[in-house]
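Undergrad: Each chain is listed here by its residues.
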Amino acid sequence: MLELHQVEVAYNKTATAVRGVSMHAEQGKITTLLGTNGAGKTTTLTAISGFIGMENADVVGGEIVYKGRRLNRLAPHRVSRLGIALVPERDKVFDTLTVTDNIKLTAGSAGKARAVYEEFPRLGELAGRTAGYLSGGEKQLLALAMALVTEPEVLLVDELSLGLAPRVTSDLLGELQRVQRERGLTVLLVEQNAAAALAVADYGYVMEDGRLVHDGTPEALLSHGDIMEFYLGTGNGDDQRRSYRDVKQYRRKRRWAG
Amino acid sequence: MDFSIILDALKLASVYGVLALGFVIVYRTSRVLNLAQPGVVLLAGLMALTFIPRDATPTRFWLTALVLLALGALAGLALYALLLRPMAGQSHISQVLMTLAALFLLQAISEAGWRGESGFIPMPGRQVAWELFGTNVRLLDVAPIVVAAVVVAGLALFYRYSRSGRQMRAVAENPALAARRGINIEKIGAMAWAIAAALGVVAVFLTSTQGSVSLLLVGTTLKGFTVALVGGLDSLSGLVPAALLVAAAEVVTVRFIDQQLGEAVPYVVLLVVLLVKPWGLAGTREELDRV
Ligand SMILES: Nc1ncnc2c1ncn2[C@@H]1O[C@H](COP(=O)(O)OP(=O)(O)OP(=O)(O)O)[C@@H](O)[C@H]1O
Ligand SMILES: [Mg+2]
Chain L
1 MLELHQVEVA YNKTATAVRG VSMHAEQGKI TTLLGTNGAG KTTTLTAISG FIGMENADVV
61 GGEIVYKGRR LNRLAPHRVS RLGIALVPER DKVFDTLTVT DNIKLTAGSA GKARAVYEEF
121 PRLGELAGRT AGYLSGGEKQ LLALAMALVT EPEVLLVDEL SLGLAPRVTS DLLGELQRVQ
181 RERGLTVLLV EQNAAAALAV ADYGYVMEDG RLVHDGTPEA LLSHGDIMEF YLGTGNGDDQ
241 RRSYRDVKQY RRKRRWAG
Chain P
1 MDFSIILDAL KLASVYGVLA LGFVIVYRTS RVLNLAQPGV VLLAGLMALT FIPRDATPTR
61 FWLTALVLLA LGALAGLALY ALLLRPMAGQ SHISQVLMTL AALFLLQAIS EAGWRGESGF
121 IPMPGRQVAW ELFGTNVRLL DVAPIVVAAV VVAGLALFYR YSRSGRQMRA VAENPALAAR
181 RGINIEKIGA MAWAIAAALG VVAVFLTSTQ GSVSLLLVGT TLKGFTVALV GGLDSLSGLV
241 PAALLVAAAE VVTVRFIDQQ LGEAVPYVVL LVVLLVKPWG LAGTREELDR V
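In order, the protein sequences belong to chains L and P.
The first sequence begins at 1 in the UniProt record's numbering and counts up one residue at a time.
The second sequence begins at 1 in the UniProt record's numbering and counts up one residue at a time.
Keep in mind that the hints are not guaranteed to be accurate.
[To be verified] Below 27 Å or equal to it, Euclidean Cα-Cα: the simulated DSS-like pairs (lysine-lysine) are:
no. : chain 1 : residue 1 : chain 2 : residue 2
1   : P       : K277      : L       : K104
2   : L       : K67       : L       : K29
3   : L       : K112      : L       : K13
4   : P       : K187      : L       : K13
5   : P       : K277      : L       : K112
[Claimed, not checked] Simulated restraints on C-beta separations:
no. : chain 1 : residue 1 : chain 2 : residue 2 : range
6   : L       : D202      : P       : V276      : 40 to 48 Å
7   : P       : I109      : L       : A115      : 32 to 40 Å
8   : P       : S94       : L       : S22       : 35 to 43 Å
9   : L       : G136      : P       : L77       : 38 to 46 Å
10  : L       : S22       : P       : A70       : 33 to 41 Å
11  : L       : A127      : P       : S212      : 27 to 35 Å
12  : P       : L77       : L       : E26       : 38 to 46 Å
13  : P       : V96       : L       : A75       : 19 to 27 Å
14  : P       : K187      : L       : G124      : 55 to 63 Å
15  : P       : A153      : L       : G108      : 57 to 65 Å
16  : L       : G111      : P       : A70       : 47 to 55 Å
17  : P       : A70       : L       : N37       : 52 to 60 Å
18  : L       : G124      : P       : G211      : 54 to 62 Å
19  : P       : L261      : L       : Y11       : 48 to 56 Å
Source of the hints: derived by calculation from the structure; they are not laboratory data.
Ideal placement from N, C-alpha and C gives every residue a C-beta, glycine not left out.
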């Protein structure tokens, strides 16, 4: 579906932030990209979505291929129109616009905008509010809705959990998983919170210092103590066991819930 | 209170407001001070002088005005395509220097082509006048106020309710996100530059209801720039109060103190406002840091 081959990304033509990354986001599945701060996760996702001139970043090597089509250096609005939507890490909603204007901006038609409120009733309650005054979780929900209203086939999500309480994070990830299943979306999910991401993902990659260092199923990654400790910072004893148990419980609950 | 002084201030505010709009619209979408704008205004003024002869019929006048408006929009597109687009990602200062270079070029073209020519554009309806509150009010005193009000209100409605307007607001706030939500930011940028340059042409006709067209248009446009700074470069809501404030201060100075001193008033107002509110009456703080 979406493949990266030996992708290299540089900022300001010099600082290489992503080096030789090859990965694959399988159709209809959730793939997660994990790693510590500064590993290059955001850079990778943004590169797929395309850079604007002002960002001073470029794919300087390798290939990004979507359905057999090369995406390298395509303008972001073209990538978006091919059906790939990025929910960025920061500045993900238009703060000066109302919730409704944020949605209308990309919805194309009033009917589609209304459908968003049916899918996310919480946003309907906030419709007239200026997006800048929303809470972190509400902004995330709005950002997700804005991306979904373009009816993408691939959703790139960068740190849904940024600055949110763990409860809110798992609610949002649950929401994401629900939408993903309903629509058969292909999702590439970047997360700081490895346990939460692996709980919903079908496959995971681990990034460190611009390179991919591991990949595998959530079970394989979670049971690999070193990975959890060195790369995902959830190591040392109790901590790890607790998060692992949480994850297993979450998965069991989901299974029960159907 | 003398009614004519209010009329004078409103007329001047109309001209300054429309001139300021040209800077604000471009700045909001492209984050660039378009210093080429005075050159566009000057060239449009001189062309109007040439193509609207003294004995022009109203039809001839309006047709020429329409053509100049279209040419202005094209000039805006050209500036965007030739100056700004190739400079995307360059430092802010080099982009501004490019627009400054364009200003010098346009000025040189004007001087070579018109050799310092000046004159009046024969406005239709210049004989029409009424007696109002004991003052002789000409149609040409009221027209610029009405036109400016329509332009400002129309633009506000466009920004608020139209699809393109919404897109322009989105691009102004966060171009990267706008692009990723499928908006062609270059198209929006081009549209902003075209509208701004066309407004420069409108301003030419507004000023020529009051006086002659000459190389001094550059200075007048720079006063419009001052008004944009007073209101806040990225702010549409600050623009009307800023135009009224600067124009009122200038008219009062000219009337009661000194004609020459009036010329300096916009800059004095700017200094005072910036001392109190460094980012203008309604500008965004962070925006000014970028300038
Ligand atoms: N605009 C930029 N200009 C220059 N360097 C940048 C820029 N953005 C990121 N970098 C650098 O690129 C590297 C990767 O950053 P990136 O944001 O992709 O990491 P990340 O994995 O998303 O980290 P985090 O988990 O903190 O979000 C870092 O070393 C960072 O300093
Ligand atoms: Mg990041």
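Undergrad: Each hint: holds or not?
TA: Here is what the structure says about each hint:
1. P:K277 / L:K104: violated (34 Å)
2. L:K67 / L:K29: Holds, because 15 Å separates the two Cα atoms, which is no more than 27 Å.
3. L:K112 / L:K13: violated (40 Å)
4. P:K187 / L:K13: holds (26 Å)
5. P:K277 / L:K112: violated (43 Å)
6. L:D202 / P:V276: 40 to 48 Å: At roughly 59 Å between Cβ atoms, P:V276 and L:D202 fall outside 40 to 48 Å, so the hint is violated.
7. P:I109 / L:A115: 32 to 40 Å: violated (54 Å)
8. P:S94 / L:S22: 35 to 43 Å: holds (37 Å)
9. L:G136 / P:L77: 38 to 46 Å: holds (41 Å)
10. L:S22 / P:A70: 33 to 41 Å: This hint is violated: roughly 52 Å between Cβ atoms.
11. L:A127 / P:S212: 27 to 35 Å: Since the Cβ atoms of L:A127 and P:S212 sit about 53 Å apart, the hinted range of 27 to 35 Å is violated.
12. P:L77 / L:E26: 38 to 46 Å: holds (44 Å)
13. P:V96 / L:A75: 19 to 27 Å: holds (25 Å)
14. P:K187 / L:G124: 55 to 63 Å: violated (31 Å)
15. P:A153 / L:G108: 57 to 65 Å: Given about 28 Å between the Cβ atoms, the range is violated.
16. L:G111 / P:A70: 47 to 55 Å: For P:A70 against L:G111, whose Cβ atoms are near 36 Å apart, the range 47 to 55 Å is violated.
17. P:A70 / L:N37: 52 to 60 Å: holds (53 Å)
18. L:G124 / P:G211: 54 to 62 Å: holds (55 Å)
19. P:L261 / L:Y11: 48 to 56 Å: holds (52 Å)
Hint check: violations occur at hints 1, 3, 5, 6, 7, 10, 11, 14, 15, 16; the rest are consistent with the structure.
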